[in-house]
Amino acid sequence: MYRRESEDYSIRVEPYYAPQGSEIELFLSAHRNGIPVLLKGPTGCGKTRFMEYMAWKLNLPLVTVACHDDLTASDLVGRYLIVGGETQWVDGPLARAVRVGGICYLDEIVEARKDTTVVIHPLADNRRALPVEKTGELLHAPDSFNLTISYNPGYQSVLKDLKQSTRQRFLSLEFDYPENELEQSILMHEAKVDREIASTLVRFGVMTRNLKGSGLEEGASTRLLVHAAKLIVFGIAPLDACNASITQTLTDDPENLTAIREMASSLF
Amino acid sequence: MRRQLRAVQIEEKLDELLGAVLSPSRTASGLARKLSGLEKEQQEFALHWAGVISRSNSEMAYQFVDHVCDGFRLMDMDDVTKWIIEAMDVYDRQGLYPGSASLREVETYAAKLSQKRHSVPFEDVVGILNKYVKGVSGRDLDIQSDAQAWTDTETIYLPTSFKWFDSEQLNFQLYKATGTFLLAQTRYGTFRVDPNTGVPFVCAAIAQYRDPTRALRIFESVEHMRLLSLMQAELPGLVRQMGELSASADSSLEIDGLSELLEPIRRPDSDVMDSIRILNELYHRNINVPESACYQGIVDLEKIRHVTRKRVDREKEKFRSDLAMLAESLAGPDENNEGEQGKVNVTFAVDEDDAGESEMMLMLDGQPVVLPEDMAQTANSIIQDFGEIPQEYLVPAGDGQYRKDLQADEEPPEEKKNKTEGMFYYDEWDFRRRHYRKNWCELRELDIHPSNEQVVEAILNKYSHLVRDIRKSFEALRGDNKMLRRQTNGDDIDIDAIVESYPDIHEGNEVTDRLFIKSGRLERNLAVVFMVDLSGSTKGWINDAERESLVLLSEALQTLGDRYAIYGFSGMTRKRCELYRIKTFEESYDSTVKARIAGIKPQDYTRMGVIIRHLTRKLIEVDARTRVLITISDGKPDDYDGYRGEYGIEDTRQALMEAKHAGIHPYCITIDSQAHDYLPHMYGHVNYTVVSDVRGLPLKVSDIYRKLTT
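Chains as they are written, first to last, in this note's numbering: chain L, 2 to 269; chain D, 5 to 714.
Hint data in this document are derived by calculation from the structure and do not stem from the laboratory.
Note that CB positions come from ideal geometry on N, CA and C, so glycine has one too.
Treat the hints with care, as some may be off.
What the simulated footprint calls covered on chain D by chain L, stretch by stretch (three residues with Cβ under 8 Å from a Cβ of chain L suffice, anywhere in the stretch; the number is not a length) [as the list claims (entries may be wrong)]:
{"#": "1", "segment": "97-105"}
{"#": "2", "segment": "321-327"}
Listed next, the in silico SDA-like pairs over lysine to any residue satisfying Cα-Cα at most 20 Å (straight line) [said to hold, decoys possible]:
{"#": "3", "chain 1": "D", "residue 1": "Lys320", "chain 2": "D", "residue 2": "Glu158"}
{"#": "4", "chain 1": "L", "residue 1": "Lys41", "chain 2": "D", "residue 2": "Lys640"}
{"#": "5", "chain 1": "L", "residue 1": "Lys213", "chain 2": "D", "residue 2": "Ile708"}
{"#": "6", "chain 1": "L", "residue 1": "Lys161", "chain 2": "L", "residue 2": "Thr44"}
{"#": "7", "chain 1": "D", "residue 1": "Lys543", "chain 2": "D", "residue 2": "Asp642"}
{"#": "8", "chain 1": "L", "residue 1": "Lys161", "chain 2": "D", "residue 2": "Leu712"}
{"#": "9", "chain 1": "D", "residue 1": "Lys640", "chain 2": "D", "residue 2": "Ala628"}
{"#": "10", "chain 1": "L", "residue 1": "Lys135", "chain 2": "L", "residue 2": "Lys164"}
{"#": "11", "chain 1": "L", "residue 1": "Lys115", "chain 2": "L", "residue 2": "Gln165"}
{"#": "12", "chain 1": "D", "residue 1": "Lys711", "chain 2": "L", "residue 2": "Thr44"}
{"#": "13", "chain 1": "L", "residue 1": "Lys213", "chain 2": "D", "residue 2": "His665"}
{"#": "14", "chain 1": "L", "residue 1": "Lys213", "chain 2": "D", "residue 2": "Pro454"}
{"#": "15", "chain 1": "L", "residue 1": "Lys135", "chain 2": "D", "residue 2": "Ile708"}
{"#": "16", "chain 1": "D", "residue 1": "Lys466", "chain 2": "D", "residue 2": "Lys476"}
{"#": "17", "chain 1": "L", "residue 1": "Lys164", "chain 2": "D", "residue 2": "Pro507"}
{"#": "18", "chain 1": "L", "residue 1": "Lys115", "chain 2": "D", "residue 2": "Arg528"}
{"#": "19", "chain 1": "L", "residue 1": "Lys164", "chain 2": "D", "residue 2": "Glu511"}
{"#": "20", "chain 1": "L", "residue 1": "Lys164", "chain 2": "D", "residue 2": "Ala628"}
{"#": "21", "chain 1": "D", "residue 1": "Lys704", "chain 2": "L", "residue 2": "Thr44"}
{"#": "22", "chain 1": "D", "residue 1": "Lys711", "chain 2": "L", "residue 2": "Thr250"}
{"#": "23", "chain 1": "L", "residue 1": "Lys164", "chain 2": "D", "residue 2": "His665"}
{"#": "24", "chain 1": "L", "residue 1": "Lys135", "chain 2": "D", "residue 2": "Arg490"}
{"#": "25", "chain 1": "L", "residue 1": "Lys164", "chain 2": "L", "residue 2": "His69"}
{"#": "26", "chain 1": "L", "residue 1": "Lys161", "chain 2": "D", "residue 2": "Ile708"}
{"#": "27", "chain 1": "L", "residue 1": "Lys161", "chain 2": "D", "residue 2": "Val690"}
{"#": "28", "chain 1": "L", "residue 1": "Lys135", "chain 2": "D", "residue 2": "Glu511"}
{"#": "29", "chain 1": "L", "residue 1": "Lys115", "chain 2": "D", "residue 2": "Lys704"}
{"#": "30", "chain 1": "D", "residue 1": "Lys664", "chain 2": "D", "residue 2": "Lys605"}
{"#": "31", "chain 1": "L", "residue 1": "Lys164", "chain 2": "L", "residue 2": "Thr250"}
{"#": "32", "chain 1": "L", "residue 1": "Lys135", "chain 2": "D", "residue 2": "Lys640"}
{"#": "33", "chain 1": "D", "residue 1": "Lys120", "chain 2": "D", "residue 2": "Gln173"}
{"#": "34", "chain 1": "L", "residue 1": "Lys161", "chain 2": "D", "residue 2": "Asn529"}
{"#": "35", "chain 1": "L", "residue 1": "Lys213", "chain 2": "D", "residue 2": "Val690"}
{"#": "36", "chain 1": "D", "residue 1": "Lys711", "chain 2": "L", "residue 2": "Pro154"}
{"#": "37", "chain 1": "L", "residue 1": "Lys115", "chain 2": "D", "residue 2": "Pro507"}
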């Protein structure tokens with residue numbers, strides 16, 4: 002049963018990933034040494050894509066959990082269901098990943114309830130075990146298992162901070178928007194735009210990122226730039242594409258909207 | 005179909021209305037003929053108003069009928085009404101002659117109206133332009149309004165309004181084009197400074213010509229072409245728009261061999277010297293200097309020379325004294341070798357890597373040193389002026405003013421310790437010694453002098469619609485529901501609980517009654533202290549804005565039920581640090597608190613470290629899961645006795661770190677546009693917000709608080 006499920010989580014086609022630095026080597030050696038990994042970085046800069054790539058490279062199933070504020074420990078570990086008048090235990094995503102020795106990726110971990118983060122503690126230190134309270138089992142993680150969590154240090158809420166006791170178990174990889182050249186080639190690869198449009202879009206991205214902290218919460222992510230590029234390739238006029246996929250997505254404030262729209266019209 | 009009135013019919017009515025000012029030599033028949041050419045609706049409008057006006061004055065009515073046809077030709081009916089009302093207003097206030105004159109001058113009125121309609125005032129665009137310029141350049145350049153468009157390389161001045169085009173859209177584009185063009189002047193070094201004289205190259209070059217006005221005009225036109233060709237690479241869309249804006253102007257130079265001559269300024273690495281060389285070529289030829297484009301602004305050499313001079317001196321001094329401090333701090337805490345500073349060997353280099361990112365390298369006695377952020381910024385500005393860091397800048401300043409300030413009174417305050425009641429003593433961090441000065445600051449808690457609480461009511465009235473919005477959004481926050489599992493009663497069945505108790509049900513054991521899910525309110529358990537800057541610099545607008553912010557915030561927090569306290573702070577020197585109680589945790593938001601909020605007044609200086617330490621202590625005493633310390637400020641920490649610059653920033657930073665270690669989340673809301681230079685260092689990159697417009701503060705503070713705590 003688990004075998005079949007784990008196959009569903011495996012990634013068969015090589016995902017496109019352009020490294021920003023030495024993150025691939027760092028991740029590989031963290032995995033080899035059984036150290037869990039924390040990915041830090043703004044939204045849309047390639048964290049999830051990186052995980053897909055690593056899962057493919059290590060040939061391991063990737064179980065991704067998008068954390069939300071009602072995510073409980075039993076959502077992660079598992080629960081009993083009633084089947085034909087009998088209770089039957091069903092593993093949660095974390096337990097499943099531990100059993101098959103895959104990669105468990107908890108996206109935006111700070112969104113989850115605080116008690117949830119404590120569940121991963123024994124998995125994230127040298128015990129490398131997941132106690133399943135309800136069944137009394139102690140799942141020992143095989144060597145191939147890896148736990149990775151991500152969070153965005155740019156969020157300002159004081160209620161969503163990662164506790165030291167959690168973060169000090171992890172190896173931290175910092176992600177940011179790629180350098181101009183690299184981001185340009187990502188756009189060219191992902192959306193098949195020509196070099197000129199790609200470089201203009203990248204410059205647009207940088208301009209919006211300059212506004213972070215003075216009006217915008219975040220600048221345009223690489224993901225948004227890819228969206229715009231795809232629309233342009235599809236035949237949408239560049240200004241309309243930027244407006245729909247970047248400007249309007251970033252803000253609702255009329256002053257910001259005008260300023261960003263004018264930046265786009267200066268560029269194209 | 006309604007038919008127009010014929011001239012005869014009109015004349016009849018006019019005779020009736022205007023009888024008093026008609027005579028055999030001044031009949032209504034001419035007027036009637038004019039009106040007969042109008043549409044039915046317009047005729048009725050004219051006769052109606054003629055009647056209304058004649059009740060005030062018949063001569064005014066006569067003049068009106070005489071000119072109303074011109075009015076309809078030039079304006080639509082709404083504007084004609086405006087014209088009538090304005091003329092009647094003039095009549096009421098100034099009498100018949102000016103009144104009828106303003107009816108006669110219908111063409112002037114119409115022209116003025118159309119111009120006003122399309123003109124775009126500076127205030128409407130400055131917010132947008134600020135963001136636009138910041139986005140495009142990545143720098144905080146100041147934008148101000150002035151009679152003309154120009155830049156002194158520190159500030160971009162734009163006219164108070166643009167009415168060049170008869171469309172608002174185009175006038176706005178003109179603002180944008182002008183702003184960006186002036187930005188390009190500073191970015192591409194139009195006013196680069198000669199390191200030998202401290203004067204921009206262009207000022208010296210123009211002064212050499214017999215006809216400096218002509219020389220300047222030629223230079224502006226050549227430099228214009230150079231900047232356009234540089235901008236073409238980065239902002240092609242804007243250059244196209246600029247072309248459309250200035251399409252009517254003839255800005256082409258026509259002489260033999262022009263393209264070879266202009267070749268140097270078409271290169272991507274051109275600089276202002278190329279333009280000056282071309283100016284020299286062109287000046288001696290007999291050419292017509294082209295008109296300047298509408299977005300070009302003016303170049304005021306005198307003002308630029310003045311501003312540059314001042315900046316160059318200031319930055320030289322700053323760079324050299326920073327260098328001295330850097331050298332000293334590298335020499336280590338051993339202070340015996342003070343006399344030897346100034347003898348260090350300094351070199352400076354800028355490396356440009358493949359990606360075009362430049363990195364500054366400072367070598368002190370052969371040791372590479374990373375520049376502190378504000379020093380790097382000075383260095384950048386100097387490089388923008390000179391293209392490099394001139395040699396004489398690399399000599400550290402002698403015994404700096406800075407040090408003397410601090411050593412002025414260093415006798416320990418031990419003897420006064422604990423003598424005064426209500427006095428608190430706090431350590432202060434000296435970043436150069438890397439240790440604390442023990443019991444350095446004396447702090448008192450004072451009550452703020454209450455003022456009339458009506459002020460608060462007035463503020464609530466002023467923002468009444470906003471207060472409603474704020475309450476609503478905070479209520480939504482409070483109602484942030486959580487599913488409470490395993491309850492004895494509730495809206496839904498808890499499947500997990502049922503499943504768990506399934507064996508009990510099966511075996512006939514007693515089953516728990518906690519089988520329901522209830523949605524309950526999330527316990528926020530949050531305590532927050534607001535620390536409000538009452539320094540002298542907050543006088544006026546800022547103080548008002550702070551007061552309004554506090555009122556709106558209190559409303560919001562009242563809705564939310566978070567525990568909060570508000571303190572104001574100020575003081576002068578370490579012996580007199582003052583904390584003003586506005587609202588303590590224990591007090592409720594009542595008339596006393598309102599009166600205190602009304603009574604906040606600007607005081608003296610801002611010594612932040614000691615205040616943060618004191619409030620940290622207060623916050624720790626409160627039992628809460630999350631503790632937040634929010635500073636509302638207008639600038640850097642600053643006190644009379646040397647608590648400024650790096651010293652003040654480092655002490656504040658240290659105090660904030662202490663707070664963080666104690667589990668407190670510090671956050672800063674500031675209106676200082678320079679804040680990006682030092683706040684990240686003090687509070688961390690995500691723990692502050694700059695509110696660019698003071699008037700926006702009251703709205704922003706509640707908004708920020710809401711975002712911060714969800």
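(message) Lys640 (chain D) and Ala628 (chain D) were given as a pair; does the straight-line alpha-carbon distance stay at or below 20 Å?
(response) violated, 30 Å
* **Outcome, coverage of the segment 321-327 of chain D by chain L - at least 3 residues whose beta-carbon is closer than 8 Å to one in that chain** => n = 0 at 8 Å, threshold three: violated.
| Holds or violated: are the alpha carbons of Lys213 (chain L) and Val690 (chain D) at most 20 Å from each other? | Holds, because 10 Å separates the two Cα atoms, which is no more than 20 Å.
Worksheet item: Between Lys161 (chain L) and Ile708 (chain D), is the straight-line Cα distance small enough, at 20 Å or below?
Response: At roughly 15 Å apart (the allowed maximum being 20 Å), Ile708 (chain D) and Lys161 (chain L) satisfy the hint.
Is it true that the CA of Lys161 (chain L) sits at most 20 Å from the CA of Thr44 (chain L)?
Roughly 15 Å between the alpha carbons, so the hint for Lys161 (chain L) and Thr44 (chain L) holds.
(message) Against the 20 Å threshold, does the CA-CA distance of Lys213 (chain L) and Pro454 (chain D) hold or violate the hint?
(response) Violated, at roughly 39 Å.
For the pair we were handed, Lys135 (chain L) and Lys164 (chain L), check the Cα-Cα distance against 20 Å.
Violated, at about 26 Å.
Are the Cα atoms of Lys161 (chain L) and Asn529 (chain D) separated by 20 Å or less?
holds, 14 Å
message: Hinted pair, alpha-carbon criterion (20 Å max): Lys135 (chain L), Arg490 (chain D). Please report holds or violated.
response: holds, 16 Å
* Proposed proximity, Ile708 (chain D) with Lys135 (chain L) (alpha carbon, max 20 Å) -> With Cα atoms ~42 Å apart, Lys135 (chain L) and Ile708 (chain D) exceed 20 Å; violated.
Hey, Lys711 (chain D) versus Thr44 (chain L), does the alpha-carbon distance stay inside 20 Å? holds, 17 Å
| message | So if I understand the rule, the pair passes when the alpha-carbon distance is 20 Å or less; does Lys466 (chain D) with Lys476 (chain D) pass? | response | Given that 20 Å is the threshold and the Cα spacing comes to 18 Å, the pair holds.
The structure is inconsistent with the numbered hints 1, 2, 4, 9, 10, 13, 14, 15, 17, 19, 21, 29, 30, 31, 32 and 37, although it conforms to all the rest.
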